[in-house]
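Model the placement of chain A on the given structure of chain C, informed by the hints.
Heads up: the protein sequence lines correspond to chains C and A, in order. For my numbering, add 345 to where a residue sits in the first sequence, where the first one is 1. For my numbering, add 7 to where a residue sits in the second sequence, where the first one is 1.
Hints were generated in silico from the structure; no laboratory data involved. Note that CB positions come from ideal geometry on N, CA and C, so glycine has one too. Any given hint might turn out to be false.
To be verified - Label pairs and their calculated CB-CB ranges:
hint, chain 1, residue 1, chain 2, residue 2, range
1, A, Pro88, C, Val356, 22 to 30 Å
2, A, Pro88, C, Val368, 30 to 38 Å
3, C, Val364, A, Glu356, 26 to 34 Å
4, C, Lys449, A, Phe264, 51 to 59 Å
5, C, Glu444, A, Glu356, 23 to 31 Å
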Amino acid sequence: MLLGLRLLAVVVLYAFLLVIAYVIWRDLRSVARGHHSENVAAAREETPLAWLQVVNDTDATDWPKTVFTVVPPATLGRASDNQVVLQDEWVSAYHARIEIQAGKWWLTDLGSRNGTRLNDMLIVETTPLTKGDIISVGRLKLRFETGDGMSLADPNKTKA
Amino acid sequence: MALIVGLPLIFTFLAFAQLSLVEDARLTPTRFIAPAALAVCMLATTWLLQQALPLHDQLLLPLITLLIGWGMAEVGRLAPPVFLQRQTTWMVLGSGALLVVALVPQGLQWLERFRYTWLLLGLSLLGMTFFLGVNPSGTGARLWLGVAGLYFQPSELLKLLMIVFLATYLAERRAALLEVSLRVHRWRIPHPAYLGPLLLMWGFSIILLLWQRDLGAGLLFFAVFLAMFYVATGQGRYVLVSLVLLAGAGAIGYHVFDVVALRVDAWWDPWREASGRSFQIVQALLAFASGGVLGQGLGQGLPSAIPVVHTDFVFAAVGEEYGLIGTLGLVISFMLLVSRAFRIALCCERMFERLLAAGIGSLFGLQSLVIMAGTLKLIPLTGVTLPFVSYGGSSLLVSMVMVGLLVRLSSRPTSPYQSSPAFIQGG
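Isolated chain C (complex conformation) (with noise of 0.2 Å):
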């Protein structure tokens, strides 16, 4: 009896680590599957160049942590065309450009009503913009990133 219940023991511990191995195995091949079929054959075709992440840490907005590709020369503002659009009504129709000029990025803000600021500073002219600034426009902070140095969508990591 005591032997029993023992042995049974055993048994039922291994059959619960084989059901977890079971399913954290059926999650890899899904996960590897979804990445060849979609995800990383669309981050090699078209890795974008910059993103700009919405880091909104208060709770005056309920934006989610999105993040927005640039690809330059792109313009901020409420309106439909804009490349990237902040529905916010803090931020005018059209607020700020970002774009590449002599090998460095700039953002210019377009005459908007709130102004923009980067790094907490009001920018007047075009002003140079540097991985991990920050950038708020109406009630968004939006950090920009680009492509090299390190980070989780370094194009050589993905790859791997």
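Frame of chain C, contents of chain A only:
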């Protein structure tokens, strides 16, 4: 999915049935109150999480159910009945806390925003133990605060609060840590201003270690900090520098403090004082030896020969009564739990969340490694609990809260706005 959580519950019931048969020679219904409470709590938690967060990690709860159930069986086996009652109470409280943490609306911003408040709370609770601390067993390090018959160990809570604080701090300073560096002669060294927190943490761990004689907690704090620092910066040289510092602290501690010297001596040559100062570790080794591959069977060995076997040395009790096959199962469960935590960390988009999950995973991994290796005399023994398994309410409660955080981090609500590009999610 219910099947997955069912198997560890069956395992727990089998353990209690065995205990009942061995000690009472028949099946006594009162023996099954504790596993029944576990079953109710875990099934209810699983069901509620399934309803509220359908996309959360499905393996976390089954894994901790196994560990908690196994731990309760060991507490019932090794300690007086009142210990099992207390452990069951803490388990029920822990399930509630797990649910609250996992289901709190607004994401985890409440953790992020009040980080200094959390850290101060943890430190002041710990500070209180210097003045009001007690030890429920009468003698030894006074690390507990007692309220209404329940004893709470603030250093357990501080582990979690420290991880939260470090996650917010490192997520914010990551760029500075990576980019700013000084040039001295031909080497690039990190800027002292950013090495500051590292040295501060080191000093803090040493203070904790020495003032409170809480070796295990000091070591764990520092190791988890290093792991998170590495995740944030990806630079091995900081880890190397810190390990040298830690070795230096160990060497100083060995010569200055008796506790450290005793632990190291007992590890290096336990047989010299097998019935004296190394009694505990020698008994643990004998327990593993008598367990063999299949074990003596629950309730049929003599693990109570080891002092404080129900907390720090529970792994030796498993080794004696479940044998190698049981200890391997336990080690595999911890490995799976840690790997799930790291997988969750990889899937998080924000640095704070990523560091939080990685920190919790590192803590579970390092803590179980430190105590299991210590029990096996692979490294000098430091007194920490085996997460979820050891008797200890504060440890169980805080560990369950951490699992609640992992559940929360693993569940990603679909965004109502523009969905993130695939390249960000892959990884």
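Hints, verified against the model:
1. Pro88(A) <-> Val356(C): 22 to 30 Å: Given range 22 to 30 Å: holds, Cβ gap about 29 Å.
2. Pro88(A) <-> Val368(C): 30 to 38 Å: holds, 36 Å
3. Val364(C) <-> Glu356(A): 26 to 34 Å: Holds: the Cβ-Cβ distance is about 30 Å, inside 26 to 34 Å.
4. Lys449(C) <-> Phe264(A): 51 to 59 Å: Distance hint for Lys449(C), Phe264(A) holds at roughly 57 Å.
5. Glu444(C) <-> Glu356(A): 23 to 31 Å: holds, 27 Å
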